[in-house]
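Residue numbers (this note's numbering), protein chains in the order written: chain L, 5 to 321; chain V, 5 to 321; chain B, 16 to 320; chain Y, 16 to 320.
Simulated from the structure, these hints should not be mistaken for lab results. Hints are supplied without guarantee of correctness; some may be wrong.
[Unchecked claim] Here chain L is said to cover these stretches of chain Y; the calculated rule only asks that three of the stretch's residues, wherever they fall, bring their Cβ under 8 Å from a Cβ of chain L:
#1 95-106
#2 204-215
[Unchecked claim] Straight-line Cα separation of at most 16 Å, EDC-like style, residue types lysine to aspartate or glutamate; simulated pairs:
#3 Lys108/V to Glu303/L
#4 Lys202/B to Asp296/B
#5 Lys108/V to Glu269/Y
#6 Lys104/B to Asp296/B
#7 Lys44/L to Glu269/Y
#8 Lys109/B to Glu299/V
#9 Lys108/L to Glu299/V
#10 Lys45/B to Glu269/B
#11 Lys157/L to Glu287/L
#12 Lys109/Y to Glu299/L
#13 Lys44/V to Asp296/B
[Said to hold, decoys possible] Which chain Y residues stay away from chain B? Per the calculated CB distances, all over 12 Å, these:
#14 Asp74
#15 Gly137
#16 Ala218
#17 Gly220
#18 Val256
#19 Gln282
Just so you know, even glycine gets a beta-carbon here, dropped at the ideal spot from N, CA and C.
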Amino acid sequence: MSPTLATARIQNPREVYGRTLVELGRADPRVVVLEGDLGKSTMTCYFEETFPERFFEMGIGEANMTSFAAGLALTGKIPFTNSFAVFAAGRAYDQIRMGVCVPKLNVKIVGSSAGLSDFGDGSSHQTVDDVAIMRVLPHMTVLVPADAIEVRKMVYAAVAHPGPVYIRITRNDLPDVTREHEPFVIGRPGLIRDGSDVVIFAMGQMVSEAVRAADALAAEGSGARVVNVSTLKPVDEAALIALARGFRGIVTAEEHSLIGGLASVVTWAFRNEHIPVRCVGIEDRWGQSAHSYAELQQEYGLTAGHVAAQARAVLND
Amino acid sequence: MSPTLATARIQNPREVYGRTLVELGRADPRVVVLEGDLGKSTMTCYFEETFPERFFEMGIGEANMTSFAAGLALTGKIPFTNSFAVFAAGRAYDQIRMGVCVPKLNVKIVGSSAGLSDFGDGSSHQTVDDVAIMRVLPHMTVLVPADAIEVRKMVYAAVAHPGPVYIRITRNDLPDVTREHEPFVIGRPGLIRDGSDVVIFAMGQMVSEAVRAADALAAEGSGARVVNVSTLKPVDEAALIALARGFRGIVTAEEHSLIGGLASVVTWAFRNEHIPVRCVGIEDRWGQSAHSYAELQQEYGLTAGHVAAQARAVLND
Amino acid sequence: MRRTRDPAELARIARLIRAHIVRMVGIDQKGHLGGSCSAADIVTALYFYQLRFDAARPDWPGRGRFLLSKGHSALAQYACLAECGFFPKRELLKVKTLGALLQGHPEVDRTPGIEANTGSLGQGISMACGMAAGLRLDARDSRVYCIVGDGETCEGQVWEASHAASFYELDNLLVFLDHNGLMTNGKLTDRYNTGPYPEKWRAFGWHVLEIDGHDPGAIVGALDTAAGLKGRPTMVVAHTVKGKGVSFAEHRPEFHNGTLNRAQYQQALRELGADPDAPFDETPLCALPEFALPGGAAATTGGAA
Amino acid sequence: MRRTRDPAELARIARLIRAHIVRMVGIDQKGHLGGSCSAADIVTALYFYQLRFDAARPDWPGRGRFLLSKGHSALAQYACLAECGFFPKRELLKVKTLGALLQGHPEVDRTPGIEANTGSLGQGISMACGMAAGLRLDARDSRVYCIVGDGETCEGQVWEASHAASFYELDNLLVFLDHNGLMTNGKLTDRYNTGPYPEKWRAFGWHVLEIDGHDPGAIVGALDTAAGLKGRPTMVVAHTVKGKGVSFAEHRPEFHNGTLNRAQYQQALRELGADPDAPFDETPLCALPEFALPGGAAATTGGAA
Ligand SMILES: Cc1ncc(C[n+]2csc(CCOP(=O)(O)OP(=O)(O)O)c2C)c(N)n1
Ligand SMILES: Cc1ncc(C[n+]2csc(CCOP(=O)(O)OP(=O)(O)O)c2C)c(N)n1
Ligand SMILES: [Mg+2]
Ligand SMILES: [Mg+2]
């Protein structure tokens, strides 16, 4: 039940994303890919090489890319739009909203280099807000993979799911924390590691930090259950509540603003549950440049240490 | 303490907005106004008539309007951008985010015909999401007036406040529910009507519905305190908690998605308070056309009756 | 359905369409009269001359696609769809009411014959490009038709789409510019000039035609000409009059999304040759003998694509 | 600071600026080498010939404004700002580190001499228009200079801004198009063509000049010419080479936001006439006698606006 991160395989989620698109391109001729001039970062370059006729370079025009994808969906295709998350979601917000989400079109939006993972480029290339703005859209499904294993399953799930899907992908390498053989089901939270004192609901990159935090807490005699909340919409509130039943407190952990992301999902789901909750996330601040991702994790309070500290605090609440 | 809505003056918020812009234009030469081809709806037409040289018709280009306003702010102006809320906020989301909010520029964004108030035009012209997407932006101030009295004060407050402000304005006439002589202070919730059993936190148009609900509840012997939460960001969480202390339950009421608006603000603020809460708002659906606003209020569960029903329910929780 | 290229017949149908627009605007309610009337002749020519469709199977994959990028002119399209038999004509009278088939702006999942959700300006032309690309991927000969507003050209997305269409050589795409010179709040040349249009689209790599957008012969001619233009998309700059056909609304921005009082409503109908007091005729044109195809041939014949 | 219009001197300074760009890109880290180098001659001419500023008072209202709409080329601007004395040169070596004055993309509230936050492509040119309008409202003679990328012209907002600038007759606005033919992932003509540029901006109502963007004489000439062009904004289509000055990076998309290994780093510096082993010279050009103004005259003199 407890993955040891020390020995876990490390994979790059966007690399796996790019390879999975090719698999799906082979399996389903309806899959088409649109790119906003970042194909060597988003890794749609593999799809372009393999299926040039189903690949559309859309230049640096995220709005048009998105509505163009809507048009492709209206002819029965399953288009994936690609750019950095900040642009894929935010620059094309109205196009996603009006053209895709209102009519529930089959467009998949993939936000790459999400969160703070484009550490060098600073505030303009970092997303603290993408989950929030995608979550408020009726008909949207919002997925945040915890590792590359989940990326692959999610891309399959997105193709199988009729309707708009947003997938948030980090630039960072990530250790495998989910299990290859377990199916991914949209909406279902995943138990990663068990414990009986505090439950840590974590999203994306923070799932592995939560596992590390749980290791530290275990050494101190506190049991932390780590739950991977990789579907941010739709949320199975009953499942979350069931997973926290009998626990003394909840910690949430996300590499996203505390407004509108996982902390919102959980505090909303538990609004009438009366169980103490503490939240780890970005405190209503913009991103900034740094020499490494680790520096930003420290600066924004997004390490295993921060998660463990909140777990200790909530156990004392 | 209890306004009687039956005899309250009715005013049109956008009319008052337009007049106030002219007052401010007179008082402060830095005030400039940008319009996205809807000046006779947003009522910036008054400013245009009075100060043509400080009025900029920007055509139907909300992105450029917003960044152009950022440029004006960078030369010391206090620009107001204007369009329907759906476009002012959503079509220019990235421009507001990157160009205005990251550097905390002095740009005021006014979203007109907000919520479902453009009832005939349907989903493409109705905003269920604007408060959510504006709230996730660091440095942003988000204001939702309960009546025209508050509109005027907010426009003054926006000019006095250095930094980005979003103001959400309905197309509907509204009865005066706030008091002319009481100052508006950004962040401060306003006590509209008192009671001691349940507290209703309401936003915008729903404040008057909440007052009507409180009247109905009073007739049944239940006391409802109505609080106008007209600043959705920054939120004075301690003030909200103090206003609910000793109450048996909370109801929130907003003409906005339950995701990301007032319900999020309140459930977040009360996350460790353990007081029952029920929320009235739009349940993750898009808007649609109707013959009247009242029909949509009914359809989306946004009447005084719906508020009163949730109050009764929370008192039984 | 039978096709006609007779200018007089198309003009007669367009008058009927405009009368429906007036009915849908109604009395003392807001409605997009101006832009619906300026586009009415083009929309009419598309449905009654050009477009290949099967009203009984609105999602027939072989159909031509038509979408209004200027979605606020939906009334013109709704009227044509009703007369072509996509849904009962009485739906026109329920437009914009709660639960109606016909929403304030086009909605693809609600209304048979509507191809996309438009209403947020600038998006529809991008969708049209995506459709054209999708049809080509499937090696379909269907064409995509789209109308953009001149005010709409303020939206940068129109130019993004124009780059895409020309780069991908979407010669199965034909766009009309409804060049009525007005946006919501006045004259484009006064308030925010986005012309000259032919030069712009030529520089963006399109074929450009210029016509009188109220001359059915010219519209049909442009459709025929465009069918032969290869290698690039075609833009037809159509000179139009906002509010066309309703004398007091012509050239008047007040009627962009304006209100008719009872007298205006009645006058408008009369000017369009309709009797305001007559009961609403529920029989669609497609049910008339002169529009039914002889010998029960499939409704999908006729029409260029 | 003293101004120079001597092409040889400007070329010499531009080499120095490029060497700083290489230093900021560093070894085994990502950095926007290509677009910074393609814009280096233009940025150099702006700071050392054209722009009116006071490095000690970066917010002096009488200054000319320069902003990079293609914000990812900030390294070129940072280097010039440092050499002009806006901040200590050693800040260049801390670029993109936590808490640094110099962020990955320009930030107005962080960095003296930076005029706006750019990095999300397409927005800067709109901001430049707004600044030009604001300066005109205040009856200032300051001018606004801006650089857009050719890939950036995919963004519709560039064309929205182009409409605004021409409609408002912003003749105090001068924009350079850094036409290096490449975007992130390859050649524009192959991957997503947005040319031809002069035709487009002429159709959008701009004055258009065309120059070799690496010829300081031509850049200075365009600046002089543009100063006399009235009634409309001016676009200078500058033909450039991405990665210019670093032989192995020229015309190569890999170095758009690429990585230099140690050998490449050293070679690049050497090609630019810099000794990779020499200690970093912390003295800015503005402190050298030949760049200081004679007799301590205010730094704000010189420069066109
Ligand atoms: C993105 C967006 N901004 C604003 C509006 C509001 N709006 C609806 S129609 C219109 C004017 C359109 O003018 P034009 O394109 O010339 O249409 P026409 O004259 O044919 O009616 C405006 C501003 C909108 N629908 N979408
Ligand atoms: C809105 C937006 N989309 C995508 C990007 C990512 N991006 C940064 S630079 C670049 C390519 C720019 O090409 P060009 O404008 O030609 O610049 P240059 O060749 O001068 O470097 C892209 C796609 C961005 N910064 N902003
Ligand atoms: Mg028009
Ligand atoms: Mg380039």
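### Query
Looking at the structure, which of the earlier hints fail to hold?
1, 3, 4, 5, 9, 11, 13, 15, 16 and 17
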